[in-house]
Amino acid sequence: MKTVFSRPQALTNKPLHYCPGCGHGIIHRLVAEVIDELGIREKTIGTCPVGCAVVANEYFNVDMQQAAHGRSPAVATGIKRVLPDRVVFTYQGDGDLASIGMTEVVHAAARGELITTIFVNNAIYGMTGGQMAPTSLLGQFTTTTPYGRKKELQGSPIRVAEMLATLEGAVYIARMSVHNATHVMRTKRAIKRAFETQLEGKGYSLVEILSTCPTNWGLSPVEATKWLADNMIPYYPLGEIKVAAAVEGIN
Amino acid sequence: MVRKKVLMKGNEAIGEAAIRAGCQAFFGYPITPQSELPEYLARRMPEVDMIFLQAESELAAISMVYGAAGAGARVMTSSSSPGISLKQEGISMLAGADLPAVIVNIMRGGPGIGGIQPSQADYFQATRGGGHGDYRHLVLAPASIQELADLTWEAFALADQYRNPVLILGDGMLGQMMEPVLLPEEPPPLVDKPWATTGAKDREHNEIYTLHMGMEDLEKHNQRLAKKWEQIAREQVRYDKFMLDDAEIVIVAFGIASRVARRAIRMAREVGIKAGLLRPISLWPFPTAAIAEVAKQARAFLVVEMNLGQMIEDVRLATGGLVPVELFSKITIVPNPKEILQSLCSLARRTGCKIDEAAIKEESA
Numbered sequence: 001m002k003t004v005f006s007r008p009q010a011l012t013n014k015p016l017h018y019c020p021g022c023g024h025g026i027i028h029r030l031v032a033e034v035i036d037e038l039g040i041r042e043k044t045i046g047t048c049p050v051g052c053a054v055v056a057n058e059y060f061n062v063d064m065q066q067a068a069h070g071r072s073p074a075v076a077t078g079i080k081r082v083l084p085d086r087v088v089f090t091y092q093g094d095g096d097l098a099s100i101g102m103t104e105v106v107h108a109a110a111r112g113e114l115i116t117t118i119f120v121n122n123a124i125y126g127m128t129g130g131q132m133a134p135t136s137l138l139g140q141f142t143t144t145t146p147y148g149r150k151k152e153l154q155g156s157p158i159r160v161a162e163m164l165a166t167l168e169g170a171v172y173i174a175r176m177s178v179h180n181a182t183h184v185m186r187t188k189r190a191i192k193r194a195f196e197t198q199l200e201g202k203g204y205s206l207v208e209i210l211s212t213c214p215t216n217w218g219l220s221p222v223e224a225t226k227w228l229a230d231n232m233i234p235y236y237p238l239g240e241i242k243v244a245a246a247v248e249g250i251n
Numbered sequence: 001m002v003r004k005k006v007l008m009k010g011n012e013a014i015g016e017a018a019i020r021a022g023c024q025a026f027f028g029y030p031i032t033p034q035s036e037l038p039e040y041l042a043r044r045m046p047e048v049d050m051i052f053l054q055a056e057s058e059l060a061a062i063s064m065v066y067g068a069a070g071a072g073a074r075v076m077t078s079s080s081s082p083g084i085s086l087k088q089e090g091i092s093m094l095a096g097a098d099l100p101a102v103i104v105n106i107m108r109g110g111p112g113i114g115g116i117q118p119s120q121a122d123y124f125q126a127t128r129g130g131g132h133g134d135y136r137h138l139v140l141a142p143a144s145i146q147e148l149a150d151l152t153w154e155a156f157a158l159a160d161q162y163r164n165p166v167l168i169l170g171d172g173m174l175g176q177m178m179e180p181v182l183l184p185e186e187p188p189p190l191v192d193k194p195w196a197t198t199g200a201k202d203r204e205h206n207e208i209y210t211l212h213m214g215m216e217d218l219e220k221h222n223q224r225l226a227k228k229w230e231q232i233a234r235e236q237v238r239y240d241k242f243m244l245d246d247a248e249i250v251i252v253a254f255g256i257a258s259r260v261a262r263r264a265i266r267m268a269r270e271v272g273i274k275a276g277l278l279r280p281i282s283l284w285p286f287p288t289a290a291i292a293e294v295a296k297q298a299r300a301f302l303v304v305e306m307n308l309g310q311m312i313e314d315v316r317l318a319t320g321g322l323v324p325v326e327l328f329s330k331i332t333i334v335p336n337p338k339e340i341l342q343s344l345c346s347l348a349r350r351t352g353c354k355i356d357e358a359a360i361k362e363e364s365a
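Heads up: the protein sequence lines correspond to chains A and B, in order.
Counting with our numbering, you get residues 1 to 251 for the letters of the first sequence.
Counting with our numbering, you get residues 1 to 365 for the letters of the second sequence.
Derived from the structure by calculation, the hints contain no laboratory data.
Where a beta carbon is used, it is the ideal one built from N, C-alpha and C, also for glycine.
Please note that the accuracy of each hint is not assured.
Said to hold, decoys possible - In silico DSBU-like cross-links for lysine-lysine, where the CA-CA straight-line distance does not exceed 35 angstroms:
# : chain 1 : residue 1 : chain 2 : residue 2
1 : B       : Lys193    : A       : Lys202
2 : A       : Lys14     : B       : Lys227
3 : B       : Lys201    : A       : Lys202
4 : B       : Lys201    : A       : Lys192
5 : B       : Lys296    : B       : Lys227
Unchecked claim - Covered stretches of chain A (chain B as the covering partner; in silico rule of three or more C-beta atoms under 8 angstroms from a C-beta of chain B):
# : stretch
6 : 37-43
7 : 53-61
8 : 66-72
Put together the whole structure using the sequences plus the hints.
In structure tokens:
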């Protein structure tokens, strides 16, 4: 008998608590598969955000640290600076990274920290129950924008990938999506390239991943993937946003 | 080789002592009156192949400390009062995650931006756990540049011993003044850190976390931490005595205020007042038992501190109403020994303590 599908070594066998149709499970698996394929499980250290993925330390079978809300890039900086030969990644949501932790991610990127950020953008606060995120779309209904997000009141959503791409220290920045199989595979390739960027010591790398939150969007899992494609992708264009010359040879 | 004293500024002595204590990484952010410390380490850490990084904020600096401590390194940050307020998020995280780290607060006056003058106004914040949640950490209060160096060295040892953050509480005066200091030479022995996140090679993966979602789980976690803090409270009470044996009036003062208090006590002795000093070195754990013991013999206490009266609450708790406990308070001005002497005279007269009124007349004449 030939095994054609199994759990990546970089995941534990703990059942995930994420809601049906949530993208976190897929993204966890992609990160774990990349860690396995690169053979770096025993030298990888990750950080968890505050948000739905706060217990990712129980899911990733690599050394993990839980950071205070938004501080993951600073925590990861501390780890990487004292253990420069390890692989360090942060796993963050849109509230954690783009709201309370914007300072930390901007400066980690500006310093060109040799870390990789997996940035899950589902345009809403999941864990606290569906409040507005900095990436919520104009007109989007959330529990704190019950009349829809309005530009004149809450401003426009932040395009994190493009913003960080302006920084010299950020050398590989991509935006991907996990709303269908094709894009899941593309996302995995971007994650791999981001980790390789770190392994080759080129600079800071980040993959923003558009993801679904059916529970807080008030949609079924299938409707949620359609909502993402119809509403998020037009505002958040997919692709490799920045591949610095130093990174071009990789992969 | 004969060890020689060197003349050093307080802030720089902390930096050099940290290096000699094996500090592997420093993360900080500029703020007066402690900036000489990061500046010193910016220069020195690369010379010893260690890490210095200026963080974008105090929040980031303490989070870098958290990450590096979790990765098993000896690590330090420093700041002054407003910056320490920002670090409280991370200090609560360090305490909750059992992480060893050394934090230095060279206090200045507040509230708000306050000023850059020395102060002791962060006593409550330091000893009560300025961040959220129920936690404790050692608070060491040096009173000289020598003690700044010694306690910095010890802070690294104690942090590792208990897997807990340790706070060094100095003030702007100590940070800025110069005194001769004998620096430590050998670092405290390294301890095994099998819990550190260094990569899950040939072992289960390690997790450093502070989230405990289950009610029972969080209760248990807090009770376990409490046992550790009870142990620290039993083992690490530190204080110093000066002319205390026959003292009728006991001054309780820490840090720079205690230096002035010693001068005032000498002056008081010249006018027949039997004054003495009990100087807490560990502000947490507080020398409660020692003060309670002294309260059995003394007639009155005078608490000298550079704030509106914070440590006095701990002194009153320790004395349990046995004797009057009064306050001599300056907020951001280092007290004048003559003013303390006046308070001692007044207290002596009101509590029936021995005082040589003729000598006082002679002095003022």
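Here's how the hints hold up against the structure:
no.	hint	in the structure
1	B:Lys193 to A:Lys202	31 angstroms, holds
2	A:Lys14 to B:Lys227	30 angstroms, holds
3	B:Lys201 to A:Lys202	25 angstroms, holds
4	B:Lys201 to A:Lys192	21 angstroms, holds
5	B:Lys296 to B:Lys227	30 angstroms, holds
6	37-43	holds (count 3)
7	53-61	holds (count 6)
8	66-72	holds (count 4)
Comparing the model with each earlier hint shows no violations; every hint is respected.
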